[in-house]
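Q: Residues per chain are reported as follows:
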Amino acid sequence: MIGRSDPPRLQSYGSGLDGLVVGSTDISRVEGREGRLYYRGYDVADLAAHASFEEVSFLVLHGNLPSPRELRKWNDELVQWRQPPEEAFAALQRIPNNAHPLAQYRTMLTVAACHIPEAENTQLDAQWRRPARLMSWAASLAAAAIRHLNGQSPVQLKENLSFAHQFLWQALGRNPTPEEAKAFEASLIVQAEHGLHAAAFAALVVISTGADLGSAVLAGMGALSGVRHGGANQLAFQMLQQLEGPNHARQWAKEKLNEGFRFPGFGHRVYKSPDPRVRVLEPHARALLQSKGLGRLWETYLALRETIEAGLGSRGIYANVDGITGLVYHPLGFPASAFPIPFCLAIQTGWMAHCLEYLPAGAMIEPGSVFLDK
Amino acid sequence: MRSSEVIKTVDGYYDWREPSFAWPVTTEVGRGLIGVIASTTKVAWLDPASGTLAYRGVPVEQLAGRVGFEQVAHLLITGDPPEKDPAGMESFRSNLRSSRQLPSEVLDLLRDMDPVHTHPTRLLRAGVSALGCHELSASDDIAGERHWREMRIVGQVAALVAHIARLRAGRKPVAFDPDKSLAESTIAALADREPDPADAATLDLLWVLYADHGLDAPTFTSLIVASCLADPYYNVVAGLSALRGPRLGGAVEGVLQQLLVLRGPEDGRDWVGSTIERGGRIAGFGHRVYRMADPRVTLLRRELASVAKRKGQESLFITARTVEEEATRRLAPKGIHVNINFYAALLFHLLGADAPLVPCLYAVGRMAGLVARVREQIDQGRLFRPLSHYTGHGKRPLPEGEDA
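Chains A and B supply the protein sequences, listed in that same order. Mind the numbering: the first sequence is residues 1 to 374 in the working numbering, read in order. Mind the numbering: the second sequence is residues 1 to 404 in the working numbering, read in order.
For the record, the hints were derived by calculation from the structure and aren't laboratory data. Incorrect hints may have been included.
[Claimed, not checked] Just some of the chain B residues that point at chain A, by a computed CB distance under 7 Å:
no. : residue
1   : Val-36
2   : Asp-108
3   : Asp-112
4   : Thr-118
5   : Ala-230
6   : Tyr-234
7   : Ala-238
8   : Pro-246
9   : Leu-383
10  : His-393
11  : Arg-396
[Claimed, not checked] No farther apart than 20 Å at their CA atoms in a straight line, the calculated lysine to aspartate or glutamate pairs in the DMTMM-like style are these:
no. : chain 1 : residue 1 : chain 2 : residue 2
12  : A       : Lys-158   : A       : Glu-77
13  : B       : Lys-395   : A       : Glu-34
14  : B       : Lys-395   : A       : Asp-26
15  : A       : Lys-254   : A       : Glu-299
16  : B       : Lys-180   : B       : Glu-194
17  : A       : Lys-292   : A       : Glu-244
18  : B       : Lys-395   : A       : Glu-55
19  : A       : Lys-158   : A       : Asp-76
20  : B       : Lys-395   : A       : Asp-46
21  : A       : Lys-292   : A       : Glu-179
22  : B       : Lys-311   : B       : Asp-192
23  : B       : Lys-311   : B       : Glu-194
24  : B       : Lys-395   : A       : Glu-31
25  : B       : Lys-395   : A       : Asp-43
26  : A       : Lys-256   : A       : Glu-244
27  : A       : Lys-254   : A       : Glu-309
28  : B       : Lys-309   : B       : Asp-196
Don't be surprised by glycine CBs; every beta carbon is placed ideally from N, CA and C.
Pulled out of the complex, with its shape left as it was, chain A reads as follows (with noise of 0.2 Å):
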């Protein structure tokens, strides 16, 4: 057990630790039958629909959405922090422009991370003053990588924007539209948490040796980069891109389900149903896409999910969040590389609170391995 009750003493468990029960959380919790997700108690389609993501950042943080003077003062921590340190922009002329965004990201903060305030203090009260700084570097950094893919050089940052607003603009150099921040910043309140997955595991493991909480948003970021997690969703969109239109894609996808394909962007480990975070997100999709002249890509992608989710709905298989937020980023301008990024700014909330729950209790999370003779 990490967390902050006793477990069950004895468990079975499988590879990958399938099925053990590792500890006890109040954050969120995922309904994998009805497909609802839950932070704190609130569902996340009613947070996406009436909250900003100041807000549900420090619901999922703290524990309670904030009262009038106390989002005014999270706000405010939040733009304190929005100015990261010159030397990590500096580093991004240090690596090649044709590296992975995120890649260059995690370079950008593991440079800002030898400046960050009182760095080698991992007392308590120190932890809770770094999600703030995090959060708000982050952006800004990200922000820079992304424009670096293309050679452009960081965007100024403008006073008076949210959270969401001010990441668009520093990433795209261009004022968003009000139906494009929405939707962007639905994106980031429906992927801010999502239970002990691998990379808010990689965190806690990290937070338990005593680090900082940079550091374990830095293990988290790594597990997030993986094609099993949240390289998925470029994934997605890439084979989205390679089909013709909506007939072509029910062609492919009955072939393709013929021959047992693993769609990515389909399937949950928890969802049996559709993803409660599918559903907020296809309105904002569809929209922005139409917007855009590119009615025909969302044509394609209902073809495909239908298509797929006949075929294997019954076996609980349904379009997941992966699949779904290419078609919020790409007609906003992200590059498909680029789309882990919004998925890490958002997520890296979940992982903190995950860090934070945990630390007050923390034994150093530490298993075994059978050696096998043979």
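With chain A held as given, fit chain B onto it using these hints.
A: Chain B in isolation, oriented as in the chain A frame:
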């Protein structure tokens, strides 16, 4: 083995080898996942009850002092003892050594980072991250080349550490001589002259003993990241993020900070007494796994005695020995024994490293086991995704007027 049988573990390790192991398993689950079996491995076997550590079946005592780190890295990563496959060993060695040529931009990046004042483990992590950007582009399909790149990382980390040591000392970067081993080049970088072969042998010994030690937190972190099929630079950045924590790398560093200020054996004995009486911790003591003296300590104690003599620093050894004896006398009844870091930190110091650099040097050795286990994970593993119980707030509607 039937899954209904409960597997008895000693803190998650086993006093037997299990050729017929099969998932699922039933074990006890303790705090920090003590007792849990997270993976199967052919890399190394650790038995805390008998004090055995064996790499690919070879007890570490048979390797330490006889075989260099490059050969042990080959053994751990490929599974073959060097004498079984001399040609393979030769190409492994030449890959390892040639991977030390780093892009000049990576050295520029380190130089930009105020290397004299920035903690070396932070420099190392940034260096590995930047190297990943140079090695892999956004359009690379990493799957095919994965293993080749992971082996390069061992040499690259050694090179980064050597560069960081020189930058900290305000020295110019050096090119690495392909005729020199990883240990020889690192000693040359630390000492800024032709390496003393005896010093290189000591560094080899240290790296061999640090090369693998089961699923410690840095290695486990790397395995989780690898299980998501991340590229190897992410695995290592994540592993280094755990390694630099105060309970691991920081603890190694702490040994030196504590021992080098002592004025001699008497002072050492007094300091141990007063520290323990006020409930303080003695760095270099206590181990998660061993309830007995760490088997690697005997080898390192002997090595420190001889290196200290060679360098005219016998008093340092005598002080350390006195501190060990006094702390053992007081702590052993509580099951707290000296660990590898105690003597290893002093050895790194005698080889020319200051305290903050010590965790970086230890990381070089650990890369061998970490890479070996990451390869295993990728070849046979599945995604790590344990479960947690939800104990939080029940479903609730948004408060009235909540609309941003």
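Q: If a hint holds in the structure, say so; if it doesn't, say that too.
A: Now the hints, each set against the structure:
no. : hint                    : in the structure
1   : Val-36                  : holds, 4 Å
2   : Asp-108                 : holds, 5 Å
3   : Asp-112                 : holds, 5 Å
4   : Thr-118                 : holds, 5 Å
5   : Ala-230                 : holds, 4 Å
6   : Tyr-234                 : holds, 3 Å
7   : Ala-238                 : holds, 4 Å
8   : Pro-246                 : holds, 4 Å
9   : Leu-383                 : holds, 5 Å
10  : His-393                 : holds, 3 Å
11  : Arg-396                 : holds, 4 Å
12  : Lys-158(A) / Glu-77(A)  : holds, 16 Å
13  : Lys-395(B) / Glu-34(A)  : holds, 14 Å
14  : Lys-395(B) / Asp-26(A)  : holds, 12 Å
15  : Lys-254(A) / Glu-299(A) : holds, 17 Å
16  : Lys-180(B) / Glu-194(B) : holds, 11 Å
17  : Lys-292(A) / Glu-244(A) : holds, 18 Å
18  : Lys-395(B) / Glu-55(A)  : holds, 18 Å
19  : Lys-158(A) / Asp-76(A)  : holds, 15 Å
20  : Lys-395(B) / Asp-46(A)  : holds, 12 Å
21  : Lys-292(A) / Glu-179(A) : holds, 12 Å
22  : Lys-311(B) / Asp-192(B) : holds, 17 Å
23  : Lys-311(B) / Glu-194(B) : holds, 16 Å
24  : Lys-395(B) / Glu-31(A)  : holds, 11 Å
25  : Lys-395(B) / Asp-43(A)  : holds, 7 Å
26  : Lys-256(A) / Glu-244(A) : holds, 16 Å
27  : Lys-254(A) / Glu-309(A) : holds, 11 Å
28  : Lys-309(B) / Asp-196(B) : holds, 15 Å
Taken one by one, the earlier hints all hold for this structure without exception.
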